[in-house]
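We have chain A; now place chains B, C and D onto it with these hints.
Protein chains in written order, with this note's numbering: chain A, -18 to 332; chain B, -18 to 332; chain C, -18 to 332; chain D, -18 to 332.
Simulated from the structure, these hints should not be mistaken for laboratory data.
Check before you lean on any hint, since a few could be wrong.
It does not matter which identical chain is meant; a pair holds if it fits inside one copy or across any two.
Unchecked claim - No farther apart than 20 Å at their CA atoms in a straight line, the calculated lysine to aspartate or glutamate pairs in the EDC-like style are these: (1) Lys200 <-> Glu134; (2) Lys310 <-> Asp245; (3) Lys327 <-> Glu117; (4) Lys249 <-> Asp124; (5) Lys(-14) <-> Asp124; (6) Lys(-8) <-> Asp9; (7) Lys249 <-> Asp103; (8) Lys249 <-> Glu116; (9) Lys(-14) <-> Asp111; (10) Lys87 <-> Asp115; (11) Lys(-8) <-> Asp111; (12) Lys249 <-> Glu117; (13) Lys172 <-> Asp155; (14) Lys61 <-> Asp152; (15) Lys(-14) <-> Glu146; (16) Lys171 <-> Asp326; (17) Lys(-14) <-> Glu318; (18) Lys61 <-> Glu134; (19) Lys171 <-> Asp323; (20) Lys200 <-> Asp326; (21) Lys310 <-> Asp326.
Number of protein chains: 4
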Amino acid sequence: MNPRKQELLQKTIQHIDIKAHNVVPMVDAMATMAFQARNLSRGAHIFNMMQEDKECAVFLTLAGSLISAGLKNVVVDLVKNNMVDAIVSTGANIVDQDFFEALGFKHYIGTQYGIDDTELRDLMIDRIYDTFIDEEDLRICDDTIGQICNSLEPRPYSSREFIREMGRFLDENDKYAEFRENSIVWQCYKKGVPIFVPAFSDCSAGFGLVHHQWHNPTKHVSIDSAKDFLEITKVKLHNPESGLFMIGGGVPKNFVQDIVVACDILEKEAPMHKYAVQITVADERDGALSGSTLKEACSWGKVDVVYEQMVWAEATIAMPLIAGYAYHKGSQAGRPERRFNDVLDKVNVPA
Amino acid sequence: MNPRKQELLQKTIQHIDIKAHNVVPMVDAMATMAFQARNLSRGAHIFNMMQEDKECAVFLTLAGSLISAGLKNVVVDLVKNNMVDAIVSTGANIVDQDFFEALGFKHYIGTQYGIDDTELRDLMIDRIYDTFIDEEDLRICDDTIGQICNSLEPRPYSSREFIREMGRFLDENDKYAEFRENSIVWQCYKKGVPIFVPAFSDCSAGFGLVHHQWHNPTKHVSIDSAKDFLEITKVKLHNPESGLFMIGGGVPKNFVQDIVVACDILEKEAPMHKYAVQITVADERDGALSGSTLKEACSWGKVDVVYEQMVWAEATIAMPLIAGYAYHKGSQAGRPERRFNDVLDKVNVPA
Amino acid sequence: MNPRKQELLQKTIQHIDIKAHNVVPMVDAMATMAFQARNLSRGAHIFNMMQEDKECAVFLTLAGSLISAGLKNVVVDLVKNNMVDAIVSTGANIVDQDFFEALGFKHYIGTQYGIDDTELRDLMIDRIYDTFIDEEDLRICDDTIGQICNSLEPRPYSSREFIREMGRFLDENDKYAEFRENSIVWQCYKKGVPIFVPAFSDCSAGFGLVHHQWHNPTKHVSIDSAKDFLEITKVKLHNPESGLFMIGGGVPKNFVQDIVVACDILEKEAPMHKYAVQITVADERDGALSGSTLKEACSWGKVDVVYEQMVWAEATIAMPLIAGYAYHKGSQAGRPERRFNDVLDKVNVPA
Amino acid sequence: MNPRKQELLQKTIQHIDIKAHNVVPMVDAMATMAFQARNLSRGAHIFNMMQEDKECAVFLTLAGSLISAGLKNVVVDLVKNNMVDAIVSTGANIVDQDFFEALGFKHYIGTQYGIDDTELRDLMIDRIYDTFIDEEDLRICDDTIGQICNSLEPRPYSSREFIREMGRFLDENDKYAEFRENSIVWQCYKKGVPIFVPAFSDCSAGFGLVHHQWHNPTKHVSIDSAKDFLEITKVKLHNPESGLFMIGGGVPKNFVQDIVVACDILEKEAPMHKYAVQITVADERDGALSGSTLKEACSWGKVDVVYEQMVWAEATIAMPLIAGYAYHKGSQAGRPERRFNDVLDKVNVPA
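Chain A extracted, bound-state conformation (with noise of 0.2 Å):
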């Protein structure tokens, strides 16, 4: 490798461990003081509540650079714990991170000052604000999705049925044996836990299928985007009482509010999320959706206003508090292995 490229490459992300931090004496702690401190430890009550209420499924959202950030491990010790019972993601975590790092690849420790960016093009080194990455590493992560394009049936595909086709590679390859313990991917793919990226061409996954599309113009693998949404309504009918632990807001926060609008329209029955918790540091002032209340929700029928909590933290901060607290908690034993992976195999099978 190109030194100077080897000497900016040199410190490894590493992910947080929250089963090592018992925070709960001081988010507890948080609950008599104000602002932020405050909304966090409520949010961290409510999140605690989700476990508690054994009926509740749980839908955790992800947007934003969260698990080159060092999450990735919060998200999948809330997996193997039963936590959380379906994912809704951008595609950034779940395939040029997670799924990047379960190819044993990392990310690198940089910074946002004097660096010139023009440098780092010419070393293929991508920045995210003080994060670095290889992109000759990316490219690798691109083809392999390309060849799991290949190998595929070419028909339509949810993000979930593709997302867990990757699961099944990372499965099936046992040079991956060592990275994938600690994937999402993997460990869903596992644990039957649905992973659900409504806008999955637009990251290292859109390389790969687009390359794959490109040499196979005819016949080949679609992403159908329609049926994600029809998959996850499916998983809100099947398992009614649900909860939200949105960390960021984007695509992942509306699709999933969305469900409860979607029950209705099948002129179905489902009440609205029960519990919705955000971590978001965007501002409700631009009128956009990442920063809209959830009381504002409410308006349009999708969350409930007896248990919701917007935090306004940045997620590095807070998640590991808010995730750390209710597993330390306890809350979680006794949750079922919700399994909706299983369920929509079966569901899936037209009536």
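Same frame as chain A, now just chains B, C and D:
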């Protein structure tokens, strides 16, 4: 209508008309100020350079609730005057808001204060910050999408293909004649301007599609987001020189930047986006894509650093100033009607 | 001058001229949009109401680096046209920036990118985001304040009294004749408009005062911030009806709101501020004063809720639109020159 | 008390105790994550370096409603353990909130939703975002300041001198014995730690001072903000090596940074601040001081660039983590009690 509902839905949103306000002297004066006035002015100059550069294809991206906020006619005027050649958007702007108004519905001036969202829910009034929507109107919009689905040959469509069908629907139904004139969907249909919505099921369209697929479980329309990505990449290959005018971030920003890399994946030569302007209130400090600097995008090989400008401002204020500046400079004169829809019709034929 | 320094200090900031841009039609059009366009328009309408209400004294507050950013002439035009009757500001705007330019110095167009702040330090160039200042010029400004201190009778002064002496200094030194015309300090001196800087030592003035007191340890000028508060309270008692036009938050916002309570403490009747408009980018979610809503200020009995508006925008963009709107509406016609400095000269005589 | 008022003022804010939560392992783990987790961790490490460096005087600055939000005991513990040697603050934190609680009053857990601020006004309940205050209690606080004024020799005082008298008042009145133990004002009085409030009249103290000066028009206490600046400069000259721990921005941030320049103005050698950490949610993009980077401060010759860190987070979450990290590392062991109040008593004698 319920009298309370009628009381709340009185005054309608009116779209600003950039043609009526010559902001050139003011925006020029901002060039020698500081902070965001200077940035906005430089952004306007760069958007004007895109107009002057007759080789340059201009991609407009839309994220946030822009159309409901009164910016519809800004987009329509850019399309009518050949100032943008392709659009990438979130679904809400195109379906729930633009197509919705093309059906004859309106957005209402509401308030974020002193209103109880549970009362709004009971009245079937949806709230976007300070704007109200009649949910009953929106359900008709959902249904209309469902009807369009039912009328199409069952196969995978790119969102662009589907949205063109929405334009055709407006064009062929004279009852919409008085509303469609100022519709983005219809104007783009007439002008051959492609509209891509990479997360197409994440909006009112999703409800129509879910209804369609639920009732047509084996043979149905699907939305192939990979095809979207391939098509927009083909646009870039057809017209290599390009500029970006991005309103908000999110999926549309990422998607349009990624096409440079997609060309490379296909082993085709294509330059980075030569010009790029983004209006956003997102912050770079959480590492998310929406607020990431355009310099950072250069490290990824997506955007060149010479003519790029982040404008930190809310879109309802900044977009009319930047679009209006370029419009009144008149540099769009002589820009060709690129009709990328027609181009895609040709290249989409398998080689 | 060092050639590198000369290279960096080439182009000067030019102040925007609201008189040259009739923004009335555009700001009126923003009233029926959403989000911050609508808020800005309503803010402009309320500022115009203050002009129409001939009983209303208008307080302008300034926080942030506004004068260096090209907003000096906006303030000067408001003063010249009797559109503001008193100013409360941070020290930097009044001393380091306005008085500094009145001495003949300039602010320079700089950049926040690709510049090493340690190099700037070595060159004695100070940076404010994207603006450069010659520290050697600033030292002359500091010294000038020191000279004014030395020339005054040793006693406690309100910042208002001291700033009036700065105006007198400019008025009596013809070498500043060409620069002072567009100086806030000098225009306010001529028009009898009081300027309060509640944290007066927290700026270039502080350096002059420290030098003065260090060298005059027993008998010296002091700055009595309590006297400031008493004086501005007397202004409110003299002219009970009042409106606030606040650019940024900080000490000036708090100070001017508090005078309603101060009247009450003195057992005098005085109404809440009847009108209030604040332009700010501060967030309410950290509980700090700068971003706190004007509705919150009502709970404190400081601001009435009928005609108040927060405008979430950066000042260099929003202030010219709001000030320019009121200017071009012409409602300032018939507003009296209130000359509160003269009023204070009388009431300051002990009863 | 009015029953509705009683209903709203039920639960009191409890201050978090950093001694009870060993956050060292978690904050260390954040060092290899990204974004603000990494920045927070680095900020904590730098604050710990200030503790390890026994030559370094540590200045704590406070802006925002921190004390009412539950951070009082964090500051008290830093003072008790010789971890900060001087404080610069806004007035509200020191007078309306800390001194107020030392008089036996409390802050109440309130809400920002579903509450009508005009009702609060009628009930004499003041709101800070989600926190309530009994205005009747606050009036007693104002009066107490007035009494202290009346008891002092009429002359100009620095805010530091006045606040020390507030500490003496608490010390000499045994009725406050149970409350003062956790008072910043009283602890600093006992430990000789100076507290500077550069805009001292901009808070509850202002009301007391206005009342005092109104009723004592010719001979009265005045607050000399220039003396504040001179005194804090003398602290820097006495202990040249220094570090800054800044919570929020505003006047305190600017004031403490400026003392390096003030030393230079007095033609004394003094190094830049060697260490600097700021917790803030302010944005740099409006060019205001609060959000300006510490690198920018280097161009002004105020802060060195080697050990500086901006932490973009809300203080109620981040301050306990950073302060608690340093506390549990134990590096404060061996730090001297610097008693700068005693030093100033000596140097304030005219040379």
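How would you label the pair Lys(-14), Asp124 (within, between, both, or neither) given a Cα cut-off of 20 Å?
neither (22 Å within a copy, 50 Å between copies)
Is it within, between, both or neither when you check Lys(-14) against Asp111 at 20 Å Cα-Cα?
So Lys(-14) and Asp111 pass the 20 Å test inside one copy only (16 Å; across, 31 Å).
Taking 20 Å as the upper bound on the Cα-Cα distance, should Lys(-8) and Asp9 be classified as within, between, both, or neither?
between (35 Å within a copy, 15 Å between copies)
My question is about Lys(-8) and Asp111: at a cut-off of 20 Å on alpha-carbon distance, are they close within one copy, between copies, both, or neither?
within (12 Å within a copy, 33 Å between copies)
Up to 20 Å CA-CA - Asp115 versus Lys87, copy category
within (8 Å within a copy, 46 Å between copies)
Should Lys310 paired with Asp245 be assigned to within, between, both, or neither, using CA atoms and 20 Å as the limit?
For Lys310 and Asp245, neither the intra-copy (35 Å) nor the inter-copy (49 Å) Cα distance is at most 20 Å.
Treating 20 Å as the Cα threshold, decide for Lys249 and Glu116: within, between, both or neither.
Answer is between: at 18 Å across copies they meet the 20 Å cutoff, but 47 Å inside does not.
Are the CA atoms of Lys(-14) and Glu318 at most 20 Å apart within a copy, between copies, both, or neither?
Classified as neither: same-chain Cα gap 44 Å, cross-chain 44 Å, threshold 20 Å.
With 20 Å as the alpha-carbon cut-off, assign the pair Lys(-14) and Glu146 to within, between, both or neither.
neither (34 Å within a copy, 49 Å between copies)
Within a copy, between copies, both or neither: where do Lys61 and Asp152 come within 20 Å Cα-Cα?
within (16 Å within a copy, 53 Å between copies)
Quick one: Lys171 to Asp323, C-alpha cut-off 20 Å, is that within a copy, between copies, both, or neither?
For Lys171 and Asp323, only the intra-copy Cα distance (11 Å) is at most 20 Å; the inter-copy one is 46 Å.
Same-copy or cross-copy closeness of Lys171 to Asp326 [CA-CA at most 20 Å]:
within (15 Å within a copy, 43 Å between copies)
Hint compliance for this structure: hints 2, 3, 5, 15, 17, 18, 21 are not met, and every other hint is.
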